[in-house]
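K.L.:
Sequence:
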Amino acid sequence: MASYQYLSYVDLYKINNINLDPFTEVFNDKFYLRYIYKWPHMNIVTKEMDDHISGYIIGKEEGLGENYHGHVTALSIEEDSRRTGKGVDLMNEFEKISRGIHMANFVDLFVRITNEPAITMYEKLGYIVNEEIVNYYCGNESALDMRKYLNVPAGACVK
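Taking the UniProt record's numbering, the leading residue of the sequence shown gets 1, the next gets one more, and so forth.
Worth flagging that the hints you see were computed from the coordinates, not collected in a lab.
Each residue gets a CB set at the ideal place from its N, CA and C atoms; glycine is no exception.
Wrong hints could be hidden among the right ones.
[What the hints assert, rightly or not] Computed cross-link-like contacts, PhoX-like style, restricted to lysine-lysine with a CA-CA straight-line distance of at most 25 Å: (1) Lys96 with Lys47; (2) Lys86 with Lys14; (3) Lys96 with Lys60; (4) Lys60 with Lys47; (5) Lys60 with Lys30; (6) Lys14 with Lys38; (7) Lys38 with Lys96; (8) Lys86 with Lys60; (9) Lys47 with Lys14; (10) Lys14 with Lys30; (11) Lys47 with Lys30; (12) Lys96 with Lys124; (13) Lys86 with Lys124; (14) Lys96 with Lys86; (15) Lys124 with Lys60; (16) Lys47 with Lys86; (17) Lys38 with Lys60; (18) Lys14 with Lys60.
[Claimed, not checked] Just the calculated beta-carbon pair ranges, DEER-fashion: (19) Glu66 with Ile101: 13 to 23 Å; (20) Tyr68 with Val134: 23 to 33 Å; (21) Met1 with Gly139: 32 to 42 Å; (22) Asn19 with Asn135: 17 to 27 Å; (23) Asp50 with Asn135: 33 to 43 Å; (24) Leu12 with Asp80: 26 to 36 Å; (25) Tyr13 with Gly65: 30 to 40 Å; (26) Val134 with Met1: 40 to 50 Å; (27) Leu64 with Glu116: 32 to 42 Å; (28) Asn151 with Leu20: 30 to 40 Å; (29) Asn140 with Glu116: 14 to 24 Å; (30) Val10 with Glu131: 32 to 42 Å.
Based on the sequences and whatever the hints tell you, model everything.
P.N.:
As structure tokens, then:
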């Protein structure tokens, strides 16, 4: 049974196993530390009973006015823990924080256009494609900018 906790600086080397995944965008320690310092409650890990980290989400708040939103910078689950609901749980918690604490209008994220399992998960969570960003990733791989509007009445059209 996993628990969900805020990412701390002591966790940074415990996520290396997760960062080996080819779909995971990897950042340097300074980048992670800036997120931990500026947006501590928007960076969450899944910890197993043996203190092993099996997944994480890092994100931030950004934008102004109607464009004020939560941004998922990275979501990654180790291969052995995929399709267990951990990614969905992390996304739901991130949305709850974005909506409840920050009063964000939407959550957005970028996902590799070839990462079909992730795209399917995001669509099931209610995310829609806002736009395709050509050559966003190294190697000329495109990304989808996906969004989920948080304060939209049921049945309303958002696009």
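K.L.:
None of the hints should be skipped; say for each whether it holds.
P.N.:
Now for the hints, and whether the structure bears them out:
1. About 20 Å separates the Cα atoms of Lys96 and Lys47, which keeps this hinted pair within 25 Å; it holds.
2. With a C-alpha separation of about 17 Å, the suggested pair Lys86 and Lys14 falls inside the 25 Å cut-off, and the hint holds.
3. The hinted pair formed by Lys96 and Lys60 meets the criterion: a straight-line CA distance of about 13 Å does not exceed 25 Å.
4. Restraint check for Lys60 and Lys47: satisfied, since their Cα atoms lie roughly 21 Å apart, inside the 25 Å limit.
5. Among the hinted pairs, Lys60 with Lys30 is consistent with the structure: their alpha-carbon atoms are about 15 Å apart, no more than 25 Å.
6. For a cut-off of 25 Å, the pair hint linking Lys14 to Lys38 stands: about 21 Å separates their Cα positions.
7. Between Lys38 and Lys96, the direct Cα distance comes to roughly 18 Å. Compliance with the 25 Å bound is thereby established for this hinted pair.
8. Proximity of Lys86 to Lys60 is assessed by CA-CA distance (about 20 Å); at most 25 Å being required, the pair is judged to hold.
9. Proposed proximity of Lys47 and Lys14 is supported: the alpha carbons are some 10 Å apart, at most 25 Å.
10. Proximity of Lys14 to Lys30 is assessed by CA-CA distance (about 16 Å); at most 25 Å being required, the pair is judged to hold.
11. Our distance criterion of 25 Å between C-alpha atoms is met by Lys47 and Lys30, whose separation comes to about 22 Å.
12. Between the alpha carbons of Lys96 and Lys124 the distance comes to roughly 17 Å, so the proposed pair stays at or under 25 Å and holds.
13. As the CA atoms of Lys86 and Lys124 are separated by approximately 14 Å, the hinted pair is consistent with the 25 Å bound.
14. At roughly 15 Å between alpha-carbon atoms, Lys96 and Lys86 fall within 25 Å of each other, so this suggested pair holds.
15. Distance check on the hinted pair: Lys124 and Lys60 sit about 22 Å apart at the alpha-carbon level, within 25 Å; holds.
16. Proposed proximity of Lys47 and Lys86 is supported: the alpha carbons are some 10 Å apart, at most 25 Å.
17. Restraint check for Lys38 and Lys60: satisfied, since their Cα atoms lie roughly 8 Å apart, inside the 25 Å limit.
18. For the suggested pair Lys14 and Lys60, the alpha carbons sit about 21 Å apart, so the restraint of at most 25 Å is met.
19. Here the CB-CB span from Glu66 to Ile101 is close to 18 Å, well matched to the stated 13 to 23 Å.
20. Against the hinted window of 23 to 33 Å, the Cβ-Cβ separation of Tyr68 and Val134 comes to about 27 Å, which satisfies the hint.
21. Between Met1 and Gly139 the CB atoms are about 38 Å apart, so this pair conforms to the stated range of 32 to 42 Å.
22. For Asn19 and Asn135, the Cβ-Cβ distance of about 23 Å falls inside the hinted range of 17 to 27 Å, so the restraint holds.
23. Range check, Asp50 to Asn135: Cβ separation about 41 Å, and the 33 to 43 Å hint holds.
24. For the pair Leu12 and Asp80, the beta carbons lie near 21 Å from each other, so the given range of 26 to 36 Å is not met.
25. In this structure the hint that Tyr13 and Gly65 lie 30 to 40 Å apart at CB holds, the actual value being about 39 Å.
26. Distance hint for Val134 and Met1: a CB-CB separation of about 42 Å, consistent with the stated range 40 to 50 Å.
27. Distance hint check: the CB atoms of Leu64 and Glu116 are about 34 Å apart, consistent with the given range 32 to 42 Å.
28. For the pair Asn151 and Leu20, the beta carbons lie near 37 Å from each other, so the given range of 30 to 40 Å is met.
29. Checked against the hint of 14 to 24 Å, the pair Asn140 and Glu116 passes, with Cβ atoms roughly 18 Å apart.
30. The beta-carbon spacing between Val10 and Glu131, approximately 38 Å, falls within the hinted interval of 32 to 42 Å.
In the structure shown, a violation is registered for the earlier hint numbered 24 alone.
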